[in-house]
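Asker: With the hints as extra help, turn the sequences into a complete structure.
Its first residue numbered 1, the sequence shown is counted upward by one per residue in our numbering.
These aren't lab readings, by the way, just hints derived from the structure by calculation.
For glycine and all other residues, C-beta sits at the position ideal for the given N, C-alpha and C.
Be careful, since some hints might not be right.
Unchecked claim - With a cut-off of at most 20 Å between alpha-carbon atoms, the simulated SDA-like pairs for lysine to any residue come out as follows:
| id | residue 1 | residue 2 |
| --- | --- | --- |
| 1 | K70 | H113 |
| 2 | K70 | Q16 |
| 3 | K50 | Q16 |
| 4 | K105 | M82 |
| 5 | K50 | T20 |
Claimed, not checked - What follows is a list of derived Cβ distance ranges for each label pair:
| id | residue 1 | residue 2 | range |
| --- | --- | --- | --- |
| 6 | S165 | K50 | 34 to 44 Å |
| 7 | N36 | E172 | 16 to 26 Å |
| 8 | P189 | E166 | 15 to 25 Å |
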Amino acid sequence: MEDAIAHCRAGASVWQWASTDDGVNPDVVLVGIGDNPTLEVMAAANILRKEMPELRVRVVNVTDLFILEKETAHPHGLDDDMFEALFTLDAPVIINFHGYPSAVKQLLFGRHHNQRFHINGYQEEGTTTTPFDMNVRNGTDRYHLMMQAIRLASVRNPRVAVRASERVHHYEYVLADFRRYIRENGVDPEEISNWQWS
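Answerer: Written as structure tokens, this is what we have:
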């Protein structure tokens, strides 16, 4: 409980237990902002840990959006050193957000190397459908996150690059299979709706 309180007070922290970078420069940083986007980040990190152990992933959870701003723009904003301790200096960062991506983009304005931030969020896609299908339609599901992470990491890590195409095609197939199931049954597959960290 004390860790959770400290995490919320800080506004963001690296979740070492979900990360595979062992504190060294990761190939990619996965960031969850909001409960459902964070769940999908955790699921993506968990699957990548098992299926692509050569991919070094750092998982960050943000509870206070204002930490993304510079300290000169907002009292909760992080200075450059603290910001880079979370998000690194140069690794690609994939932010999974429960709102409009433009809101996060505005907060990151003025940060060094902000072109390395890839923000997934609500795109006004979808209609009456399942929760997972809504994530898929907006590109905020675990499979889109994994494919995005693999593509970005393959530029930095040759061991990831060797398997990138095969893994991306595999996840595209799995995703198509899930979407077919959802269309036919009108519910999310049990392995999605009952997913747990393992």
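Asker: The structure should be examined with respect to each hint, and the outcome stated for every one.
Answerer: A quick look at each hint next to the structure:
1. Restraint check: the Cα-Cα separation between K70 and H113 comes to about 13 Å, which is no more than 20 Å; the hinted pair holds.
2. A hinted pair counts as satisfied when its Cα atoms are at most 20 Å apart, and K70 with Q16 does not qualify at roughly 24 Å.
3. The straight-line distance between the Cα atoms of K50 and Q16 is roughly 16 Å, inside the 20 Å bound, and the hint therefore holds.
4. A C-alpha spacing of about 19 Å is found between K105 and M82, which places the hinted pair at or below 20 Å, so the restraint holds.
5. Straight-line distance between C-alpha atoms of K50 and T20 comes to about 10 Å, which keeps the hinted pair within the 20 Å bound.
6. Checked against the hint of 34 to 44 Å, the C-beta distance between S165 and K50 comes to roughly 19 Å, which is inconsistent with it.
7. One distance hint, 16 to 26 Å for the beta-carbon pair N36 and E172, holds here, with the actual separation near 22 Å.
8. A hinted range of 15 to 25 Å holds for the C-beta pair P189 and E166, which are about 23 Å apart.
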